[in-house]
Amino acid sequence: MGLESQLGDNIFTTTIDKFVNWGRKNSLWPMPFGTACCAIEMMATLTSKFDLSRFGAEAIRFSPRQSDLLIVSGRISIKMMPVLKKIYDQMPDPKWVISMGACASTGGVFDTYTLVQGVDGFIPVDIYIPGCPPRPEDLIDAVMQVQRIVEQESVSPKKRSRAIAS
Amino acid sequence: MSEQHHPLVVQKIQEKYPDAVLDVADARGELTVTVNKDVIYDLMAFLKNDSELTYNFLADVTAVDYSLMEDTLMKYDYARFMLVYHLLSTEKKQRLRVKVPVHENELSIPSMASIWKVANWLERETYDMFGIIFENHPDLRRILMPDDYEGYPLRKDYPLRGRGERETFNFEQQNL
Amino acid sequence: MHKDPDRVSGEPMTLNFGPQHPATHGTLRIVVELDGETVLKATPHLGYLHTGFEKLGEHHDYNQYIVVTDRMNYLSPLSNNFGYVLAVEKLLDIQVPKRCEYIRVILAELSRIADHMVWLGMGALDLGAFTIMLYGFAEREKLYSIFEKTTGARLTTSYTRVGGLMRDIYDGFEEDVRAFLNSFPKTLKEVHTLLTRNRIWMDRTKEVGVVSAEDAIDYGFTGPCLRASGVDWDLRKAEPYSCYEDFEFDVPIGANGDVYDRYLVRMEEMVQSGRIIRQALDNLPDGPVNVEDYKISLPTKEDAYGNIEGLIHHFKIIMDGHGVQPPKGEVYCATESPNGELGFYIVSDGSGKAYRIRIRPPSFIHFQALPHMIEGGMVSDIVAVLGSLNIIAGELDR
Numbered sequence: 001m002g003l004e005s006q007l008g009d010n011i012f013t014t015t016i017d018k019f020v021n022w023g024r025k026n027s028l029w030p031m032p033f034g035t036a037c038c039a040i041e042m043m044a045t046l047t048s049k050f051d052l053s054r055f056g057a058e059a060i061r062f063s064p065r066q067s068d069l070l071i072v073s074g075r076i077s078i079k080m081m082p083v084l085k086k087i088y089d090q091m092p093d094p095k096w097v098i099s100m101g102a103c104a105s106t107g108g109v110f111d112t113y114t115l116v117q118g119v120d121g122f123i124p125v126d127i128y129i130p131g132c133p134p135r136p137e138d139l140i141d142a143v144m145q146v147q148r149i150v151e152q153e154s155v156s157p158k159k160r161s162r163a164i165a166s
Numbered sequence: 167m168s169e170q171h172h173p174l175v176v177q178k179i180q181e182k183y184p185d186a187v188l189d190v191a192d193a194r195g196e197l198t199v200t201v202n203k204d205v206i207y208d209l210m211a212f213l214k215n216d217s218e219l220t221y222n223f224l225a226d227v228t229a230v231d232y233s234l235m236e237d238t239l240m241k242y243d244y245a246r247f248m249l250v251y252h253l254l255s256t257e258k259k260q261r262l263r264v265k266v267p268v269h270e271n272e273l274s275i276p277s278m279a280s281i282w283k284v285a286n287w288l289e290r291e292t293y294d295m296f297g298i299i300f301e302n303h304p305d306l307r308r309i310l311m312p313d314d315y316e317g318y319p320l321r322k323d324y325p326l327r328g329r330g331e332r333e334t335f336n337f338e339q340q341n342l
Numbered sequence: 343m344h345k346d347p348d349r350v351s352g353e354p355m356t357l358n359f360g361p362q363h364p365a366t367h368g369t370l371r372i373v374v375e376l377d378g379e380t381v382l383k384a385t386p387h388l389g390y391l392h393t394g395f396e397k398l399g400e401h402h403d404y405n406q407y408i409v410v411t412d413r414m415n416y417l418s419p420l421s422n423n424f425g426y427v428l429a430v431e432k433l434l435d436i437q438v439p440k441r442c443e444y445i446r447v448i449l450a451e452l453s454r455i456a457d458h459m460v461w462l463g464m465g466a467l468d469l470g471a472f473t474i475m476l477y478g479f480a481e482r483e484k485l486y487s488i489f490e491k492t493t494g495a496r497l498t499t500s501y502t503r504v505g506g507l508m509r510d511i512y513d514g515f516e517e518d519v520r521a522f523l524n525s526f527p528k529t530l531k532e533v534h535t536l537l538t539r540n541r542i543w544m545d546r547t548k549e550v551g552v553v554s555a556e557d558a559i560d561y562g563f564t565g566p567c568l569r570a571s572g573v574d575w576d577l578r579k580a581e582p583y584s585c586y587e588d589f590e591f592d593v594p595i596g597a598n599g600d601v602y603d604r605y606l607v608r609m610e611e612m613v614q615s616g617r618i619i620r621q622a623l624d625n626l627p628d629g630p631v632n633v634e635d636y637k638i639s640l641p642t643k644e645d646a647y648g649n650i651e652g653l654i655h656h657f658k659i660i661m662d663g664h665g666v667q668p669p670k671g672e673v674y675c676a677t678e679s680p681n682g683e684l685g686f687y688i689v690s691d692g693s694g695k696a697y698r699i700r701i702r703p704p705s706f707i708h709f710q711a712l713p714h715m716i717e718g719g720m721v722s723d724i725v726a727v728l729g730s731l732n733i734i735a736g737e738l739d740r
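Same order as they appear, the protein sequences are chains A, B and C.
Its first residue numbered 1, the first sequence is counted upward by one per residue in my numbering.
Its first residue numbered 167, the second sequence is counted upward by one per residue in my numbering.
Its first residue numbered 343, the third sequence is counted upward by one per residue in my numbering.
Among the hints, erroneous ones may be present.
With a straight-line cut-off of 25 Å between C-alpha atoms, the simulated BS3-like cross-links for lysine-lysine are [stated by the list, open to error]:
no.	chain 1	residue 1	chain 2	residue 2
1	C	LYS637	C	LYS670
2	C	LYS432	B	LYS258
3	C	LYS383	B	LYS283
4	C	LYS579	B	LYS259
5	B	LYS178	B	LYS241
Treat the hints as calculated values from the structure; they're not laboratory data.
Model the full assembly from the supplied sequences, consistent with the hints where possible.
As structure tokens, this is what we get:
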């Protein structure tokens with residue numbers, strides 16, 4: 001407080017965590033892992049009417065190495081799950097995962113021999129979106145929820161692991 | 167789709183292969199001919215090339231596991247599987263269904279891939295789902311299921327939820 | 343990558359295209375062997391989205407399965423609903439009211455436009471024309487609001503029922519559809535202006551992925567892909583189902599069977615769909631939308647709540663093991679879905695559930711010809727050809 005009055009109006013002070021989180025949360029780079037119907041709604045979210053760029057998340061990267069938000073949208077079969085796991089592993093930390101729709105979250109209406117009954121058995125999921133498929137507004141809401149999670153992250157590895165444990 | 171054409175088709179098939187025709191059914195405007203496995207390859211080539219029939223288009227190849235349908239089983243000497251071909255003539259605007267009973271102890275049938283290129287994957291899928299072997303097929307591998315998958319999902323004795331493959335599948339199965 | 347950077351030709355390089363790739367529009371994988379930029383060999387791998395739809399058909403009753411058909415081709419779910427119930431109705435040997443047929447045709451044609459709009463947007467996006475995608479999606483959003491008002495869902499519509507529809511169309515449906523029919527030709531015109539004589543677009547699509555008419559039939563092509571190769575075959579004309587014989591429309595035919603012709607055929611198909619919808623709206627009959635057979639279609643809510651017969655009918659249809667029970671037999675019913683011949687082969691054992699349901703998927707069959715179309719071409723053509731086939735992974739793998 002004392003310092004700011006000395007520096008004048010043009011300089012702000014903040015913590016590193018707050019500053020980094022502010023940057024991260026407003027520039028999420030999604031990696032869209034779209035397989036089925038939900039991917040169509042995800043595409044709709046990205047285009048004109050819903051426009052995810054209003055939330056700073058329009059820089060879609062199809063390379064996992066350039067992204068920090070994995071959106072799993074669609075059914076994941078036992079043949080696809082190793083691919084998804086590999087993509088998740090390739091993403092640099094910190095990373096967040098949205099499981100979009102009933103199929104990715106639980107298998108949905110397809111309780112069959114070939115579908116993984118929820119990707120959370122294999123990769124950690126931050127936000128689940130219900131719906132078959134969820135509306136674009138639901139996906140936007142999920143991105144905002146992820147932003148709230150990002151806000152509580154920390155650059156210090158110690159604090160970060162504590163945040164995950166709690 | 168005129169049904170007047172049907173008697174001609176049946177007559178031509180019966181003339182050409184008198185001993186091979188097991189059954190003829192004409193229901194709901196659809197003609198079904200059930201034939202013996204021995205003649206199927208020649209019959210298909212005949213149906214495609216004959217100038218009055220011209221079934222130039224193979225629409226679908228699939229199979230049905232009749233193990234739970236007792237009367238059909240009895241009718242065809244307890245043949246468990248039935249291969250089903252759907253043919254179409256774009257010239258005559260006619261469709262034809264050809265069925266072939268296949269016994270479980272000799273699970274093989276000639277491949278149609280040399281007559282129609284489309285048969286290649288359709289037969290691979292039938293092999294994948296039912297375990298029926300297609301002789302002289304150019305590339306008979308699993309197509310939809312992982313290569314190391316055991317069991318044939320569309321057989322009637324295979325449970326809908328699988329036999330635990332959803333939990334125990336191999337993460338290293340594919341060279342990605 | 344090449345072991346020796348100086349060698350351009352020599353040892354072929356293997357490139358893995360997919361299963362997660364922006365241009366695959368879903369989950370398929372092509373392993374390509376390259377010599378420089380020339381494709382020597384392509385091996386498609388699929389099954390990454392295999393869901394077990396056919397197995398599921400043996401465990402659901404006839405009306406429940408409509409929900410599954412939505413999720414098969416998620417660009418045009420209404421066409422799938424339509425094709426499936428037609429097959430079941432053929433099995434039951436019933437005739438639905440004229441009004442129902444007209445509404446089904448209107449919605450099937452609208453979903454054809456929606457499908458082609460997404461195909462157009464994504465295909466153009468893959469070749470670098472991002473604007474087209476935004477135009478296509480903006481147009482499709484208008485359709486989605488019509489679908490949502492009619493069926494209650496944007497995408498997974500489940501609107502048809504065996505023997506009718508879930509409910510009648512809403513008041514104002516006609517105005518909404520007419521407003522759309524007046525606005526979408528403008529978008530088409532803009533797309534034509536941007537693409538059709540565009541030098542880049544023509545260079546990327548002309549004489550790329552050529553399929554001759556004989557090969558197209560040999561490979562089992564149907565729909566726009568077959569017609570682009572110059573074969574005049576449209577199930578709506580050749581084997582008119584539902585009420586398609588009532589409408590006047592042209593079937594666009596291509597000449598060269600390349601990506602450019604497939605583009606032109608689909609563009610013209612949208613215009614023709616518009617013509618069909620206009621005629622159907624002009625002559626939309628009045629009357630009920632469901633067959634008046636309480637063994638097949640649900641009674642009205644007033645009946646179900648108001649009198650005992652209605653309640654019993656409602657109960658009988660909903661209860662497991664009662665409901666719609668077609669006679670023993672088998673049926674194959676093909677419809678002209680936006681991608682081609684979508685066939686349902688149903689074997690019934692006389693119970694409330696199908697003994698076997700087989701789906702003849704156009705995408706699966708078109709995808710088979712991909713190596714034939716890209717081998718010998720350039721690596722960048724793979725994207726153009728794949729886009730032009732409009733492979734829907736849900737239908738490809740089922």
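Each hint, compared with the structure:
1. LYS637(C) x LYS670(C): With Cα atoms ~17 Å apart, LYS637(C) and LYS670(C) stay inside 25 Å; holds.
2. LYS432(C) x LYS258(B): Given that 25 Å is the threshold and the Cα spacing comes to 22 Å, the pair holds.
3. LYS383(C) x LYS283(B): Given that 25 Å is the threshold and the Cα spacing comes to 17 Å, the pair holds.
4. LYS579(C) x LYS259(B): holds (10 Å)
5. LYS178(B) x LYS241(B): holds (24 Å)
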